[in-house]
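Peer 1: Protein sequence lines, in the order shown, are assigned to chains A and B.
Quick note: the first sequence, position 234, residue 234 per the numbering used here, numbers continuous.
Quick note: the second sequence, position 53, residue 53 per the numbering used here, numbers continuous.
You may find that some hints are simply not true.
[Said to hold, decoys possible] Subject to a maximum C-alpha distance of 16 Å in a straight line, what follows is the list of computed EDC-like cross-link-like pairs (lysine to aspartate or glutamate):
hint, chain 1, residue 1, chain 2, residue 2
1, B, Lys89, A, Asp98
2, A, Lys115, A, Asp98
3, B, Lys130, B, Asp98
4, A, Lys143, A, Glu207
5, A, Lys143, A, Asp91
6, B, Lys130, B, Glu113
7, B, Lys46, A, Glu301
8, B, Lys89, A, Glu96
9, A, Lys68, A, Glu96
10, B, Lys89, A, Glu301
11, B, Lys46, A, Asp62
12, B, Lys6, B, Asp24
In case anyone wonders, no lab produced these hints; they're calculated from the structure.
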Amino acid sequence: MGTFLTRHLQNALAALGQLSRQPVATLLTVGVIGIALALPASLQLLVQGGQRFAGGWSGIRDFSVYLKPGTDLAVARNLARALASHPNVQDTRLIEADAALAEFGRDPAFGEALKALKSNPLPHTLVVRPDAEAAPADLDALKAELAAKPEVDLVQLDTQWLLRLAAILDLVRRGIWIAAVVLVAAVIFIVGNTIRLDIQNRRQEIEVSKLLGATDAFVRRPFLYIGFWYGMLGGAVALLLLASVLLLLRGPLERLLQLYSVDFTGFGLSPGTALLVLGAGLVSGWAGAWLAVGRHLSAIEPQV
Amino acid sequence: MIRLDKVTKLYRGGREALREVSLDIGPGEMIFLTGHSGAGKSTILKLLALVERPTHGQLLVDGRNIGRLPAREIPAYRRQIGMVFQDHKLLDGRSAFDNVALPLVIAGLTRREIEKRVRAALDQVGLLDKERQAPRTLSAGEQQRVGIARAVVARPRLLIADEPTGNLDAELSLEIMQLFRRFNDVGVTMVIATHDLVLAGRVGGRHVLLNHGQVQDGGAAPATPAQCSTGQA
Ligand SMILES: Nc1ncnc2c1ncn2[C@@H]1O[C@H](COP(=O)(O)OP(=O)(O)OP(=O)(O)O)[C@@H](O)[C@H]1O
Ligand SMILES: [Mg+2]
């Protein structure tokens, strides 16, 4: 058992030595593998950031309250003032119909059409910001209360875009899995092809070893270890890339999220993700080596 | 030790290299396979190395029909025999020491045992002082001697050599043959293919003459095997 382990260790080190003898080629291969592995992981970080953003903003749950067309401005103002003192409301803001029309008029897409209208079709609108501590049930009650008022036409929650963002993030997350599968397949292909060339270059060594009585397992082993190292080093490069991307983005991102009072602590590469990246590297490096070895090694039979 | 019983070898494409060759080789014998180019000398060695399989007939080594040996048992079989090649087949990326060590690494010996045996083998061929050198930096004769050290380092009972002196001048050739002779003296069975009849005649041993894939002379083992010192061309 002891000699078995030392022999594997020797093989692993010999494979590493083999790689270090062609530093440029090795760095190129490892770099490509690293980039391929870092890509899905960095997308994952992006989604993680987006989720925090969406989560941090769920505190902002403004209602848009559209009053019935033709409601008097004085009535609208009174309602705004009355609502401001409601226990579950933090603040209200009135967007008068004329102001809204002027706003629209500035948009060239609407300007001409609005000019054709005889009267202002827009209602007065109240933007109601609920109390930050208000529970969802309170919000529902508030919404019902607002909708029941005779001068109110429609109550709309402004959280729609958050739901949309969540849906997009969900889609992106699924996309990441697909990208990850494709990129892992690419890594398997890269390693497989590199090892295929390696096998061709070491053809003589393989033939002589077989003549001297080497088993297939013996001949295969160094190539499997080379695949192992490619995967391992590629995974390490991917982690390095991710760490430096995070380092570069950390400052600006922190400032941005602070502006939106989103908590930043704990954002970054989780140990689980790091392990996954390393594991994906190892497995795909090993798999690529197996494929190459299986296809190309048995084809080499010694000629005397 | 080795018995070819009506062995026929047809190469792919229908080329008949051996036709019903019968040959007995006793333990400790030194055999020279001779004959014209294309007579089938190399083919017999390829069969013994299991690089090729006999088409018909039996090839027995130590009573086992190796002509039908399953592929997965070939490595273990090959580890029991030493091989010397005309082009020596040394690996240029490795030192003389590492080349000689390869069969022992394959056999899975410990580092210490490997060092001991490799030094002993290099000493036997007189190259102990060149162990760090790459084959490329050695002379043709030295390269062949490294090849021989590699062939004997695992202490095989059978050594086969195909034109081992093909690239060497007369003097170096004789040196190599005397080296073989010494291994034969300690009991290693030798099968050497050569077209150099003069050289073979000077070394002795039994001469098997092949002609168009058939044994013309020397196929039977002598009444008393062991080493026969007089050749019969
Ligand atoms: N791989 C092969 N495929 C087809 N024919 C072959 C192959 N190897 C050898 N032969 C043929 O088999 C015959 C015997 O070849 P072999 O190599 O045994 O001759 P030899 O006695 O070693 O000759 P030489 O002295 O030139 O080395 C030759 O006619 C050769 O052309
Ligand atoms: Mg030949």
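Peer 1: Run every hint past the structure and note whether it holds.
Peer 2: Hint check results:
A distance of roughly 95 Å separates the Cα atoms of B:Lys89 and A:Asp98; the hinted pair therefore is violated under the 16 Å criterion. Among the hinted pairs, A:Lys115 with A:Asp98 is consistent with the structure: their alpha-carbon atoms are about 13 Å apart, no more than 16 Å. Straight-line distance between C-alpha atoms of B:Lys130 and B:Asp98 comes to about 12 Å, which keeps the hinted pair within the 16 Å bound. For the hint linking A:Lys143 to A:Glu207, the alpha-carbon distance of about 81 Å lies beyond 16 Å, and the restraint is violated.
At roughly 15 Å between alpha-carbon atoms, A:Lys143 and A:Asp91 fall within 16 Å of each other, so this suggested pair holds. Using a Cα cut-off of 16 Å, the hinted pair B:Lys130 and B:Glu113 is violated, with the two alpha carbons roughly 20 Å apart. For the proposed pair B:Lys46 and A:Glu301, the alpha carbon gap of about 13 Å is at most 16 Å, so the pair holds. This hinted pair does not check out: B:Lys89 and A:Glu96 have alpha carbons roughly 94 Å apart, beyond 16 Å.
Our distance criterion of 16 Å between C-alpha atoms is met by A:Lys68 and A:Glu96, whose separation comes to about 12 Å. A threshold of 16 Å between alpha carbons decides the hint, and for B:Lys89 with A:Glu301 the separation of about 15 Å falls inside it, so the pair holds. Using a Cα cut-off of 16 Å, the hinted pair B:Lys46 and A:Asp62 is violated, with the two alpha carbons roughly 88 Å apart. Proximity of B:Lys6 to B:Asp24 is assessed by CA-CA distance (about 11 Å); at most 16 Å being required, the pair is judged to hold.
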